[in-house]
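Engineer: Taken in sequence, the protein lines are chains A and B. Start counting the first sequence at 1; every next residue gets the next number (the working numbering). Start counting the second sequence at 1001; every next residue gets the next number (the working numbering).
For the record, the hints were derived by calculation from the structure and aren't laboratory data. All residues carry an ideal CB built from backbone N, CA and C; glycine is no exception. Any given hint could turn out to be false.
[To be verified] Only pairs whose alpha carbons sit at most 25 Å apart, straight line, appear in this in silico DSS-like list of lysine-lysine:
| # | chain 1 | residue 1 | chain 2 | residue 2 |
| --- | --- | --- | --- | --- |
| 1 | B | LYS1136 | B | LYS1112 |
| 2 | B | LYS1002 | B | LYS1190 |
| 3 | A | LYS140 | A | LYS167 |
| 4 | B | LYS1190 | A | LYS7 |
| 5 | A | LYS161 | A | LYS132 |
| 6 | A | LYS119 | A | LYS139 |
| 7 | A | LYS119 | B | LYS1116 |
| 8 | A | LYS167 | A | LYS267 |
| 9 | B | LYS1116 | B | LYS1045 |
| 10 | A | LYS139 | A | LYS108 |
| 11 | A | LYS52 | B | LYS1045 |
| 12 | A | LYS249 | A | LYS267 |
| 13 | A | LYS7 | B | LYS1120 |
| 14 | B | LYS1034 | B | LYS1136 |
| 15 | A | LYS52 | B | LYS1116 |
| 16 | A | LYS108 | A | LYS119 |
| 17 | B | LYS1112 | B | LYS1127 |
| 18 | B | LYS1120 | A | LYS61 |
[Unchecked claim] Covered stretches of chain B, going by a simulated chain A footprint (3 or more residues, C-beta under 8 Å):
| # | region |
| --- | --- |
| 19 | 1248-1256 |
| 20 | 1305-1314 |
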Amino acid sequence: MSELRLKDLYAGFRNTDTISLLAKQITEAAEELDEDLNIMEVCGGHTHTIMKYGLLQLLPKNISFVHGPGCPVCIMPKERIDHAIALANMDDAILITLGDMIRIPGSKSSLSLQRAQGKDIRPLYTPMDAVKIAQENPKKKVIFFAIGFETTTPMTAALIKTMLEQKITNLFFHINHVLVPPAIDAIMADAKARVNAFIGPSHVSVISGTKIFEQVPVSYNTPLVVSGFEPVDVLQGILMIIKQKLQDKAEVQIQYTRSVTVEGNIKAQKMIKTYLQPREHFRWRGIGDIPLSAMQLKPEYASFDAEVVFSEVLPNEAIDDHKLCICGAILRGLSTPMDCEVFGGACTPNTPLGSCMVSSEGACNAYFRYGGIR
Amino acid sequence: MKTVQLSHGGGGEEANTLIHDLFYTHFNNDILIKAEDAAVLQVEKKIAFTTDSFTVTPLFFNGGDIGKLAVAGTVNDLAMMGARPLYLSAAFIIEEGFAFDELRCIVESMAKELKKSGAKIVCGDTKVVPRGTLDKIFINTSGIGELIRENISAHNLNEGDVIISSGDIGRHGATVLMHREGFDVSTQLKSDCETLWPAVESLIHENISISTMRDATRGGLSAVLNELAVSSGVCIEIEESALVISDEVQGVCEMFGFEAVDFANEGTFVLAVASQHASFAVEILRMFGFCKDAAVIGRVTQKYPRKVILNSSYGSSRFLDLPKGELLPRIC
């Protein structure tokens, strides 16, 4: 038996013939639709796939995408980034965080600019690296600026567990973990959103299970298909949505069966509940305040909650989005990045004014990078 | 452990010893050992002149080291202009306390790399700076070469030209990134760092009509193609399926959310040739081990001037943009 190679895991999901065949099946099936299909892909990973593989060009005109709020970097309000900057500016502090967070501008600066000025700010590949950094720097305050949806929350919980087991006392947490279902509700709440189907987030669902989306089809009469991130996954998910529409159904379905179940990862869910609880409200960049849409440390863990321990240095003011930015409308499917007067001019990936331009998974960023070919 | 001291850069006896025992021994040539204030050079033809500084971390990586890079990098820049690399300068800025053995390894590596093009280091400089003011060692090399083919330029792309990549893409960037971040890298993942002159010389010798050549260093293939498209005011269309990406590089990309086209190369270059010469050019390149994966990857059109388009095998296309900012891994 030959050894399993990494590419064996994905090659089939990028297969030319399969992609072409699915595109053909979608085109044929979509002819039967009696309304245009406006699919919100909630997760930025799907936005990235759609743009990177040019999937829109393979689809009929009556199918379009509304790029949802599922990019944890994009939805981070400026005041939270200002928190990160304030924490990094404390004496003897090391601020650690994930990926793109480094380059996102707050109200006046960004972590990458602060790092250039000598602040100790480090991007991590995995939150568990925080243990090593804290142990190697016993005299420093190491602050983990935790971001991400349900997907990355268990990693933070696992880090907390490890920290407590190893009795590390110089590691603190600034929790910005957000939740998908309240964001969907916020977007759909005023019934103006031009969305009549969802591609559900896949890696979120690996953790939380599809059970968290059960109310979506009921509340909004929209199919929701959780699909994987490869082009074949996304196309197959679209076909499943069309079939539901043709049968007049609205239910939660799983295309990404190789990883997702209804119940999800119970162990991870338990670990999250041990340390974290929903916070009363969280302000989303581009959407605004959403109740119970994010997590925070439970009160018994206040001793390593950076928002409590370092509350004195943290600014409290809410900072509004740029007034020319239309990210809120883009997230509701009422506008596309092309409708925005600052898109590609004043607002670019290097100088983002709004949430959708900041990370590679934001809608405007993806349009800027890959878009424009029809 | 013998280390480099501030006195080694001071111009006194220690400096003299370092220069004679290490640099003159390994870079030995008539011009250098004259030890004049400046090298006096005789060049018959038009010359190309370039400079580059090398600050790579780590200093030693699978497939190369800072010394090999410092020679190959400058030699390649000359080669890309159709110039035979002749003379290089080498300036070392070294942190006090740097291990002498490591310096020796770097110098030996440079000497070995010079042999591949026949270029000589004819002048140099050594400075030692106090500990903590520099990360181990920086090297600057400048070089001149004689143009044996004129009019190879980033501004010369013509509609109809065929774009060739001399090999697989992304290996140097992926290798250095994995080393830097402390990942256990598979021994298969190896920088492509290499002196390209022998392959370039063959192309010129066989009278291939070359519009442009450029090594796909920082910013990778996507940066180079965009530079060429902008400089010449043309559109470059690339067939995604024609790009050769090793399993190891693709694996790094899959895990961290990078794209191979954004990773630096140090031994893969892009060239545009007249379409009737394309298959012969590929044949010539493939005779060299470091170009064994040479392939036609695209063509020059006027579809979207100043843009690079990546065409998929299933009928869609997208712009291939310049990589933005530092490479950061995807979150989820």
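Engineer: Work down the list of hints and note, for each, if the structure agrees.
Structural biologist: For each hint, the structure was consulted:
About 22 Å separates the Cα atoms of LYS1136 (chain B) and LYS1112 (chain B), which keeps this hinted pair within 25 Å; it holds. Our distance criterion of 25 Å between C-alpha atoms is broken by LYS1002 (chain B) and LYS1190 (chain B), whose separation comes to about 30 Å. As the CA atoms of LYS140 (chain A) and LYS167 (chain A) are separated by approximately 15 Å, the hinted pair is consistent with the 25 Å bound. With a C-alpha separation of about 19 Å, the suggested pairing of LYS1190 (chain B) with LYS7 (chain A) holds against the 25 Å cut-off.
Pair hint LYS161 (chain A) plus LYS132 (chain A) holds up; C-alpha atoms about 14 Å apart against a cutoff of 25 Å. Of the supplied pair hints, the one linking LYS119 (chain A) and LYS139 (chain A) holds, its CA atoms being roughly 16 Å apart against a limit of 25 Å. Only pairs whose Cα atoms come within 25 Å are accepted, and LYS119 (chain A) paired with LYS1116 (chain B) is rejected, the gap being roughly 44 Å. Restraint check for LYS167 (chain A) and LYS267 (chain A): the C-alpha separation of about 23 Å stays at or below 25 Å, so the hint holds.
A threshold of 25 Å between alpha carbons decides the hint, and for LYS1116 (chain B) with LYS1045 (chain B) the separation of about 21 Å falls inside it, so the pair holds. For the suggested pair LYS139 (chain A) and LYS108 (chain A), the alpha carbons sit about 29 Å apart, so the restraint of at most 25 Å is broken. Distance check on the hinted pair: LYS52 (chain A) and LYS1045 (chain B) sit about 47 Å apart at the alpha-carbon level, beyond 25 Å; violated. Of the supplied pair hints, the one linking LYS249 (chain A) and LYS267 (chain A) is violated, its CA atoms being roughly 32 Å apart against a limit of 25 Å.
Between LYS7 (chain A) and LYS1120 (chain B) the CA atoms are separated by roughly 44 Å; this puts the pair beyond 25 Å, and the hint is violated. For a cut-off of 25 Å, the pair hint linking LYS1034 (chain B) to LYS1136 (chain B) is broken: about 29 Å separates their Cα positions. This hinted pair does not check out: LYS52 (chain A) and LYS1116 (chain B) have alpha carbons roughly 40 Å apart, beyond 25 Å. Annotation: proposed proximity of LYS108 (chain A) to LYS119 (chain A) holds, straight-line Cα distance about 16 Å (limit 25 Å).
Under the criterion of a C-alpha separation no larger than 25 Å, the hint pairing LYS1112 (chain B) with LYS1127 (chain B) is consistent with the structure, at around 23 Å. At roughly 62 Å between alpha-carbon atoms, LYS1120 (chain B) and LYS61 (chain A) are farther apart than 25 Å, so this suggested pair is violated. For a cut-off of 8 Å, the count of residues in the region 1248-1256 of chain B with a CB near a CB of chain A stands at 4, and the three-residue condition holds. With a threshold of 8 Å between beta carbons, the proposed coverage of the region 1305-1314 of chain B by chain A holds, since 4 of its residues qualify and at least three are required.
In summary, the numbered hints that this structure violates are 2, 7, 10, 11, 12, 13, 14, 15 and 18.
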